[in-house]
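Keeping their order, the protein sequence lines are chains A and B.
Position 17, counted from 1, in the first sequence is what the working numbering calls 59; the numbers after and before it change by one each time, with no gaps.
Position 183, counted from 1, in the second sequence is what the working numbering calls 705; the numbers after and before it change by one each time, with no gaps.
Treat the hints with care, as some may be off.
With a straight-line cut-off of 25 Å between C-alpha atoms, the simulated SDA-like cross-links for lysine to any residue are [claimed, not checked]:
{"no.": "1", "chain 1": "B", "residue 1": "675", "chain 2": "B", "residue 2": "629"}
{"no.": "2", "chain 1": "B", "residue 1": "598", "chain 2": "A", "residue 2": "89"}
{"no.": "3", "chain 1": "A", "residue 1": "96", "chain 2": "B", "residue 2": "751"}
{"no.": "4", "chain 1": "A", "residue 1": "271", "chain 2": "A", "residue 2": "387"}
{"no.": "5", "chain 1": "B", "residue 1": "668", "chain 2": "A", "residue 2": "53"}
{"no.": "6", "chain 1": "B", "residue 1": "673", "chain 2": "A", "residue 2": "95"}
{"no.": "7", "chain 1": "B", "residue 1": "598", "chain 2": "A", "residue 2": "57"}
{"no.": "8", "chain 1": "B", "residue 1": "675", "chain 2": "A", "residue 2": "54"}
Treat the hints as calculated values from the structure; they're not laboratory data.
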Amino acid sequence: MNIRLSGRIDSNNAASVEEDLLRQAANADAVVLDAQDLEYISSAGLRVLLRIRKMRPEMKIINVNSEVYEILDMTGFTEMMEVQKAYRVVSVEGCEEIGRGANGTIYRIDKDNVVKVYNNPEALADIQHEREVAKLALILGIPTAISYDVVKVGDSYGSVFELLNARSFSKILAREPDKLDWCVQEYIKMLKLIHSTLVPAGKLPDMKETALGWARFMQDHLPEAAGKKLLALVEAIPHDDHMLHGDYHTKNLELQNDEVLLIDMDTLAVGHPIFELASMYNSFVGYSELDHGVIQRFQGFDFETGRRFWRRALSSYLGTRNERKLREVEGKARVLGYTRMIRRSIRRRALETEEGRAEIAHWTGELLSLLERIDTLTFQPNELELEAVPENLEEVQAFVEEHLEAADCPPKAQMQIGVAVEEIFVNISSYAYHPENGNATVRVEISDDPVSVAITFLDHGTPYDPLAKKDPDIHLPADERDIGGLGIFMTKKLMDDVAYEYRDGQNILTLRKNL
Amino acid sequence: MQSLPSIDLHMHSTFSDGTDTPAQLLKAVKAAGLGCFALTDHDAIAGCVELQGLLAPGDPQFIPGIEFSCKDELGKYHVLGYRYDPASPAILDVLALGHGYRMKKLGLRLDYLRAEYGFVFPEEDLEALYAQPNPGKPHIANLMVKHGYAKTKNQAFADYLNRLHAEDDYVRPEEAIRGILGAGGVPVLAHPCYGDGDQIILGDELEQRVVRLEAFGLQGLEGYYSGFSKPLRELVLSLAERYGLYVTAGSDYHGTNKLVSLGDTGIKESAAPAEGILRFWEAVTT
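Bound-form chain B, shown alone (with noise of 0.2 Å):
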């Protein structure tokens, strides 16, 4: 078995949340030292396609990511796919049904801000809204703040777009799982102990949420993530350990919307990394 080299399977590019662009991630991944990276924008596989016609040899090994926003009864989660065919339509099918959802919601979002509060924007602006690859909540704030209906994109959250409690569409987990399984990937729970990043889920009720997830194919867990303490990280590596599924390290990199920088997963912490990794890598990387 080969030793494992340094390695951040989850990061964010422009063509989702993050602020760096692939050819600025790539850039920033080999300057960080990394030998594996992975993109994994929200629902979106363009920057990993752009990322690939950007590698050169010596480059550090890739590997096409993806991090799907998911819901069902027990809530939400964020399901990672690696090492998926971009053009099969198993995922491609599961990106337009999500892009759809988003695409409404953004609609319903824009409306109850002018229903509410009169805020309008200038049309350009909204056309550049619209043609993001997957544009959402911290896009309408930075238009607030641009003009000047609120003083920070915090304040836009708080203030007025967390306030529309309308019914979300989200793609369902299975469905995530299926997607990313038919277009020969790999699909991995995403900060297990933090649901869709902005949660707490512990003991039996994350237990619960790996068993369900496993039955749909989910074969591994992010159990190294740059938010996780170590009793979360050893919680997450027992579990990945019981039920025989692959281990991932992520720092969940955002360029400067984030305050974790690359490589940052707490994998360092541990004397040793856990068996699920070396595993995971090696599947993905042969």
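Bound-form chain A, shown alone (with noise of 0.2 Å):
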């Protein structure tokens, strides 16, 4: 039971308040006083405050307004006790929906504003939790919009954000379906944003943990090989401090004039992205492969566009088109999409339902032809950052290969690719950074039409264009050519388009070949 305050506390009141609250304090559990109705107090008021905290020091002062809230803070009354501040109430009756996910649903309150009321009642500690991933994600890079104030929505509670003008990608593949591609790519731009920030380490939950659990929870309801297999593969999973979103679709990608932003933070964790992808499947393809209409009405657009958009999506996430790559790695985020449905329905009490039987049902068949041929739920990323150095060149090397291999590229020209990478790295190493040292990037690129690879290096050494240079005129003899200079010719002659380009401080070098 609160203890209600009202009114003015000052000098004419404050021996009959004291009074009158240390006998409802004697009665009462807890003191929580109630600040609702309380217009103004005094340093009268301010005393009895002390009185009755110095007997019952666990007191504490809710829904307190700003007017009163400014004067416990200004005399150091927030520092000495709890005092939480009342909350603007405000409705989303008639607002539109802008997102939704895991933990609640996000409107527009006005054209600058929107709130994600949350659907938890006890939200408050949601609310502080999203908060401070976001400042986070902020802090390390990731543009998202962080909540400026706390506001009481019905029952619950909401977190309002400056949103300006602002449409989610969802809305925007929707209206305006020639956008595809362009969604596509800033999607994958965000998402690689977002897995190669590393995180340190405590501040975020570990998805592999989250994983196990629903692992273990499958224990029941798998037979005994396919369950223990299934539990075996999350474990030989590795670690990760690489951020994840957790709940990345389009609807949490909202283009703001010309910024790409992201929100819904709440589920931001750390770990290996098969998690991101396995997510990515249920939320474009898994929720609605036995009832389409339920991507129709969460994201606004139909099954296809979410299907098309998902492949297109990991082709460019994966830089490959290989058909048989994608669907490897499609087939290990199924498992864990499957596994987390199944153990949604489940504890949603769908096996009551023939209807959530039968989609059970679907999910558990699909989920166990894939354990029966996959056997390990890791892949290889198409992108390679390390240290410059030539003594890395090996590592690099046996990383390009396992991409060819992967797409059955003919022994000639994977001979000829590595003389052209090991050209280009060992000039990066020797050059870029010279005298001090710094990383470079390689990324590994296979197309299906024409089937072609692309090796692409990024460093941000001194900018250096090493196409400028004059071929060396080979037909001097030897010593009258110039040294130098043989070593890109040799790359040119050996691959079908080299191409440089200097861009955001990078040296982007890119190597075509048709295999």
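Make one complex out of these two single chains by using the hints.
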């Protein structure tokens, strides 16, 4: 039972208020003063609070309006005792729903502001959590919106964000289907930024722990061998301190003016990117596999668009159009995706309805057939970042070869590519950061039409265009030739195309070879 | 510039609502190790006159002071005055004006207690009451407790004295400021964030008060005050700086009537005293 404070507390009524409060406090287990109707408190009133707190140190004050809060803050009371502000009341009736996640729904309340309403009525802790992780993400370089106010919405709470003239990617896809490629490109650019962000240890939950929980839950719902295999597969996923969004679908990406913003940050975690791909698969395909209306209702675009978006995004993320490779990684994502959906449905008592049982049977069937052919849930990313030193050449070569082999690259082309890769990487190691050291990124992308491979080298070293140099005259006698320039000449001969550009402070050199 | 001694410029004696006589106060000031002090009784200067006569060579620096209770359309204020000429008609006129209001109020209160609750006091107590330099609610409350009309002073206030909401007459702040200036003194706004001691005045409201009083000739703000938290102190100090006003430091010591000690002003919590208090000290002691 809360004790209500009302009107003004000043020297005219302080003594009687004190007597009254002490009498009520004597009967209360915990003293909570509800200041919703308190308009003003003078220093005599503050002394009353001090005396009550002296007797009941656990005392706290809630629903304090902003004027009274300022008084308590300036006089140092907010440091002495727990004081909770009153929350502005906001109604979302008739407001446009612009996003929906596991923990809440986002509404636009006016032109410039949105509110995320939490499902859980005890949401203040969740709101605090989301604010903290959003701040962390922002510090780590992820463009996101930070809430500036907490409000009361019906029986629950919401956090308010400024989001000016923003449109979600879902809305763009629903209304302008020709922007699909652009959306995929920006969506993956953001995803790569998230996945390349290292999170200091202990700041975010480990997704692997969560997934192990799912796998353990599934032990009672799968044949024994399959259950054991599932658990072993999850256990074998290596620990990873890179960031995961956790609910990365197109409603959580907003275009504000020309800036892409990530929202709905409460699911932020760390872990291997396969967990993200699993959740993405579910959002665009999994949840709607049986009922294609699901995605239409949730994202505003149809199942085919969702499916196409997922495939393009996966291809762009993996840097390959190789259908076999895409199927392979998609299969791994589906293992985790189905696991999660089955557990979620069972926990929502879906087994009690015919429809639910059919859905679970379908997902379980798919999961079992995947488990028969999949032996690892990890996959090879198509980018490798490492220090540009000659000692790392071997690692770069192994990385490129693995991709080439997966794409059935003929041995001759593989050998030629190897020569070119060595030439370029050694150049970067020797000159890009001289006399300092720095990192280089190597990216391998395989395309199907025509079957070709593109290998891109990126470094932040001195701008240098190796193609600007005139080709050496190889018809001169050996002792009259310039030293150098031969390596890049050879590279140009071996490859079908070599292109250089300097962009965003990076040397970007791309080799292309048709296979 | 000399360094600032340990200083307390706001305290009360038995000439208002403190519990120490001037002689006891001087002793306590010395015991507290203060290097400079001012006595600031409510609407009374007789305590200062008495204290001045008690001073011996080697005693701490003494600055005669006063604390006027004032009121205008913006609310209530306490205005401090320092180093005035106690014989100046300018300040004596304001005191007389205030004393007249006070006696009128005393009569109204006693009438109210008799008419509303039937409380009567023996003639000799009333005589002693009227003989006090500045009798007010605390003195009546003491009598009520003495005669069993209330269990405690607090109850006397809450259940009886504070229920009378008669039109109060007060000296206006500009009258107090002019009186202090006319007597060659320095007018300073006491505990600016607390109004007459029991309000909380912040932000624009506070600045508005300072601007208004400065136009009447106010020269300083009590920036260091026993009841101020750090943010309040910083708020007042920043206002003093913005308007080029002196800064003073006061505990508002009332003897056993209040739980503050002499010298308890918060000034020691600052790394360095505000420049405005050094200017004030130099102005009133040289």
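Verify the proposed pairing of residue 675 (chain B) with residue 629 (chain B), using a straight-line Cα cut of 25 Å.
-> holds (19 Å)
Distance restraint between residue 271 (chain A) and residue 387 (chain A), which requires alpha-carbon spacing of 25 Å or less = holds (21 Å)
Are residue 598 (chain B) and residue 57 (chain A) close enough, with their CA atoms no more than 25 Å apart?
-> holds (21 Å)
Has the given pair, residue 598 (chain B) with residue 89 (chain A), been kept, meaning a C-alpha gap of at most 25 Å?
-> It holds: about 20 Å lies between the C-alpha atoms, which stays within 25 Å.
Given the hinted pair residue 675 (chain B) and residue 54 (chain A), is their alpha-carbon gap at most 25 Å?
-> holds (14 Å)
Is the hinted pair residue 668 (chain B) and residue 53 (chain A) satisfied, with a Cα-Cα distance of at most 25 Å?
-> holds (22 Å)
Are the Cα positions of residue 673 (chain B) and residue 95 (chain A) separated by 25 Å at most?
-> Given that 25 Å is the threshold and the Cα spacing comes to 24 Å, the pair holds.
Pairwise hint evaluation, residue 751 (chain B) against residue 96 (chain A), where the allowed Cα distance is 25 Å at most = Given pair residue 96 (chain A), residue 751 (chain B) holds - Cα atoms ~18 Å apart, limit 25 Å.
Every hint, counting from the list given before, is met by this structure.
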